[in-house]
Structures are given as C-alpha cells and as structure tokens.
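Each protein sequence line maps, in turn, to chains Z and W.
Those letters in the first sequence? Residues 1 to 279, per our numbering, in order.
Those letters in the second sequence? Residues 1 to 202, per our numbering, in order.
Just so you know, not all the hints are guaranteed correct.
Unchecked claim - Partial chain Z-side listing against chain W, Cβ under 8 Å, derived: (1) Asp8; (2) Gly54; (3) Glu56; (4) Pro61; (5) Pro62; (6) Leu68; (7) Leu69; (8) Met227.
Calculated directly from the structure, the hints in this document are not laboratory data.
Cβ atoms here follow ideal geometry from the backbone N, Cα and C, with glycine treated the same way.
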Amino acid sequence: MTCDEFKDQLVQYSMGTLEASQRAELLSHLQSGCADCNSFLAETREAVTLLPLGLEPIEPPPKARHRLLERIADQSRPMQTGLSKPLPRRVGIFQALIGGAIAAGIMAAIFWQVETHRRQEIASLQAQLDDTRATLEQLKASVQRTRENLRQTSETLRLTTERVQMMQSPGVQMVSLQGTEAQPQAKARAYYDSSNSRVEFYATDMRPAAPGKAYELWLIPKTGAPMPAGMFTADKASRGVALAVPSTKEQVVAFAVTQEPALGSATPTMPILVKGAVQ
Amino acid sequence: MTPSVVSNNNSPFDPSDAFLMSGIRARDSESFSQLYDRHGSMVFALCVRMLHDRDEAEDVMLEVFWELWDRSGRYDASRSSPLTYLMRVTRSRLIDRLRARRSRQRAELSSGEFSGISNLELKNPDVEPLAETLRTEQHALVSRAMGGLTPEQRQAIEMAFFDAMTHAEIAAQLKEPLGTIKSRIRQALSRLRQTLGTLEMS
Chain Z
1 MTCDEFKDQL VQYSMGTLEA SQRAELLSHL QSGCADCNSF LAETREAVTL LPLGLEPIEP
61 PPKARHRLLE RIADQSRPMQ TGLSKPLPRR VGIFQALIGG AIAAGIMAAI FWQVETHRRQ
121 EIASLQAQLD DTRATLEQLK ASVQRTRENL RQTSETLRLT TERVQMMQSP GVQMVSLQGT
181 EAQPQAKARA YYDSSNSRVE FYATDMRPAA PGKAYELWLI PKTGAPMPAG MFTADKASRG
241 VALAVPSTKE QVVAFAVTQE PALGSATPTM PILVKGAVQ
Chain W
1 MTPSVVSNNN SPFDPSDAFL MSGIRARDSE SFSQLYDRHG SMVFALCVRM LHDRDEAEDV
61 MLEVFWELWD RSGRYDASRS SPLTYLMRVT RSRLIDRLRA RRSRQRAELS SGEFSGISNL
121 ELKNPDVEPL AETLRTEQHA LVSRAMGGLT PEQRQAIEMA FFDAMTHAEI AAQLKEPLGT
181 IKSRIRQALS RLRQTLGTLE MS
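Could you build all of it, start to finish, from the sequences and the hints given here?
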C-alpha cells in the first residue's frame with residue numbers, strides 16, 4: 001500500500017471510522033516510523049478535533065446538570081450500614097427442623113453477617129472521616145485560590161495606578177501617532193516622560209503582526225539613529241504597552257512603529273507603519 | 001458545599017480549563033460544575049448533531065461528564081488540552097452508539113444495503129450545524145473555516161465527521177466515485193489545516 005493510500009485510511013482512522021480489519025496494517029506502518037504518515041495523522045487530528053466547536057451550542061436540559069451533581073453528592077455520602085436490620089431470631093427452630101450440621105452452617109452465616117455489619121459500620125465511619133478530610137483539603141485549595149486571585153488583583157491595581165499617575169504627571173508629554181498608508185487605520189498614543197525616559201504606549205486598530213514578526217517602537221532623536229524602545233504584538237486591540245526605554249541624552253522628536261522579526265532589530269525596517277512627532 | 005472560587009464571566013481571572021480539571025481531580029464539585037457550565041452546551045450540541053435524538057444525546061452527555069468526574073485520573077494534561085480530551089471522549093462514545101444503532105438497522109433492513117442516516121438528518125430541522133451566531137472566538141474561527149470550503153467539500157467532511165460515515169458509505173450515499181470522495185475530503189482537510197493552523201488549542 002502506498003503512503004497516499006495509507007493517508008486515506010488515516011483520515012478515517014482520525015475520525016473513528018476505519019474498519020477494524022485495516023487497523024493492524026495501518027498501525028504497523030505508523031510504527032515503522034514513516035514520518036510523512038505520522039505527521040499527516042497529527043495534522044489531520046488537529047484539524048478535525050475542533051470541528052465540533054463550529055456547531056451552535058445547545059443548552060442541555062436543566063435536569064441533566066441536577067442528575068450529575070446529585071450523583072456526585074451520593075458518591076461522597078457514607079454507605080448505609082446494615083445494623084438497622086434485625087438479626088433473625090428463630091435460630092432454635094432452624095436447629096430443630098433442619099439438623100445440627102446445617103444449623104451450624106446457618107449460625108456461621110449469621111455470625112458472618114454480624115461481623116460484616118460491624119465491618120460495614122467501621123468502613124462507613126472511615127468513609128465519613130475521609131470525606132471530612134477531603135472537604136478540608138478542598139477548603140484549603142479554595143482558600144489558596146482565593147489568595148492567589150487577591151494577589152493578582154492587587155498587582156493589577158498597582159500597575160494601573162502607576163499608569164494613571166504617569167499619564168497625569170505634568171512633566172509627561174503626550175504624542176499622537178497616526179498610521180501611514182501601510183496601515184492607515186492604526187492609531188497610537190505615546191506618553192513620554194523625559195525625566196526618566198519612561199514611555200507608556202497604546203496602539204489600537206493595528207493588524208496582527210505577520211507570523212514570526214512583531215511590532216517595534218522607535219524613538220527618533222534630534223540627531224543620530226532611531227533608538228529601539230520595545231516590542232509588542234497587536235493581538236488584542238486597545239491593550240496598553242508599558243515599555244521601559246533606556247535613558248537617552250538625546251532629545252526625542254518623534255516616535256515610529258515598524259514591523260520587525262520577533263526578536264527585534266537594530267535598525268528600523270521600512271516602511272514606517274505608525275508615526276507621530278513631539279510637539 | 002465548598003465555597004466557590006471568586007470569579008465571574010467578565011473577570012480576567014476566570015479559571016482555565018486546566019485549572020478546573022485539577023480541581024475535579026481534587027474532588028471539588030464546584031470546579032466540575034464550572035467546567036460543565038462552560039462546555040456542556042457544546043458537548044450536548046455534538047451529541048444531538050450526531051445522534052439526532054435529544055434523549056439519547058442527554059444520556060451520552062451525562063456519561064461523558066460522569067466519566068470526567070469519576071475517572072478524572074485518566075486525563076493526562078501532557079497529552080492534550082482538557083477541551084480536546086472532552087471532545088475525544090464524547091466522539092468515541094457517540095461513534096460506539098452510532099455503530100450499535102447501524103448494526104441494528106442493518107439487521108432490520110431486508111436488503112443488506114446501508115441507508116437511512118441522512119434521511120434522519122433531513123427530519124431534524126432544529127439542528128443547524130453551522131448557524132450564524134458566533135459566541136466564542138474558537139466557534140467563530142471553526143465556523144469560518146468550514147464556511148471556506150466548497151459546498152461539496154463541506155458536505156463530505158460533515159458526513160465523514162458528524163455522521164461518522166466511511167468513504168465508501170459516503171460515495172454510495174452521494175452516488176459519486178470513491179476516488180472523488182477521497183480526494184474531496186483530503187482537499188477539505190488541507191484547507192481546514194491551513195485556516196485552523198493558528199487556533200490556540202489550550
């Protein structure tokens with residue numbers, strides 16, 4: 001069988017519709033290490049696995065959720081013990097009617113039942129103890145998660161406060177940038193604090209950077225070469241980027257954005273996509 | 001009942017699927033509820049689409065989520081994302097059910113010829129596989145990817161994937177040559193790979 005024929009089988013295999021009889025030969029071909037077929041399988045699986053996401057979601061009936069949660073709750077409830085069942089009393093009649101050996105067997109069975117009931121009760125108490133321990137662990141984990149959430153919230157608040165303070169500071173200049181004909185829809189704003197060379201840069205309506213590339217901000221000094229001021233991508237609109245810019249003795253007269261390889265570049269690659277001058 | 005983690009749909013700190021799965025492994029029923037609320041309607045939609053029967057779809061959906069809870073140890077985070085795992089488990093059960101149903105149908109049909117699945121499809125007007133309302137980014141991307149196929153390609157992929165039909169069954173159903181169906185599906189997959197290639201699978 002050619003790899004092309006194997007690939008048709010791989011399509012069916014990845015969709016769960018391959019005949020069982022064909023599976024053995026296909027799997028041994030994959031195991032023989034055929035790179036082409038193995039990567040084809042991986043790619044095909046990737047492509048089809050998420051197809052269900054294209055379906056319009058359908059709200060399940062509310063009772064389904066209820067049934068699941070009930071079943072979960074039942075699972076952690078302790079077992080019913082057998083102690084509520086009364087032990088049979090008519091041992092004497094059994095002995096008389098059936099005979100010693102059989103009665104002895106029945107007696108043994110009854111003692112075994114008592115023993116089982118005791119064991120069940122111990123098991124049930126043990127289960128309750130385990131359940132309590134599990135609940136305690138869950139509570140601990142929950143507290144931990146809440147603490148982490150709180151820490152993240154505080155951090156975000158701190159950063160936001162810093163940004164707002166910076167934008168309101170009197171020594172800060174605001175520079176509006178506009179997209180050039182390469183990206184006419186783009187808009188950006190830079191808040192530049194010349195005392196500490198700090199730049200807060202916000203860009204909106206930029207197209208996502210090409211694969212393997214990212215956008216780079218440049219400070220254009222009065223004299224000399226443009227200075228790199230940081231990299232950013234434009235996957236979510238209106239995301240502010242705070243860039244720590246190396247301090248410069250030069251007076252900055254303009255800002256520019258170009259598209260560079262993802263790791264940046266020493267000099268800007270034309271064309272300039274967004275630019276603006278300090279007033 | 002354990003206290004719930006502070007989160008709402010608009011919070012930037014919504015727990016990720018992976019976070020909820022680890023909660024489930026730790027027997028936190030709250031994590032389980034959140035995961036169910038997040039993905040239940042998609043799982044249910046897949047079940048309805050493939051089985052064309054809401055009651056059976058509900059059964060399978062419950063089986064899937066129960067397995068998620070009861071056999072949480074089976075999920076291996078290093079092998080796939082929680083969503084991928086969920087899709088795989090769901091499809092596997094759905095295909096089992098379809099196979100069982102079809103062998104029953106085959107036994108019942110007087111001629112040995114396979115027929116009937118796409119007839120069921122026609123009778124089920126409330127199932128619209130690729131409707132226009134787009135709720136999430138992934139939903140939008142996959143819908144768009146499917147929309148980028150030709151109608152014949154789309155039909156072939158749907159029959160292969162959502163109706164779990166073999167190439168031969170599709171060719172017989174559509175009265176087209178087997179080779180045509182095979183290459184049509186390969187082309188469709190190639191286009192889907194291109195458009196879905198950038199999709200985040202986490």
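Interface hint for proline 61(Z), Cβ within 8 Å of any Cβ on chain W: At about 6 Å, which falls below the 8 Å cut-off, the nearest Cβ of chain W leaves the hint on proline 61(Z) intact, so it holds.
Restraint outcome when glycine 54(Z) is required to lie within 8 Å of chain W by C-beta distance: 4 Å, holds
Residue hint glutamate 56(Z), partner chain W, criterion CB-CB below 8 Å: 4 Å, holds
Leucine 69(Z) as chain W interface residue, shortest Cβ-Cβ below 8 Å: 7 Å, holds
Interface hint outcome for leucine 68(Z) [beta carbon to chain W under 8 Å]: Check passed: Cβ of leucine 68(Z) comes within 6 Å of chain W, closer than 8 Å.
When the least beta-carbon distance from aspartate 8(Z) to chain W is tested against 8 Å, hint result: Hint holds; aspartate 8(Z) Cβ to chain W Cβ min 5 Å, cut 8 Å.
Interface hint outcome for methionine 227(Z) [beta carbon to chain W under 8 Å]: 32 Å, violated
When the least beta-carbon distance from proline 62(Z) to chain W is tested against 8 Å, hint result: 11 Å, violated
Going down the numbered hints, you'll see the structure goes against 5 and 8, while the others check out.
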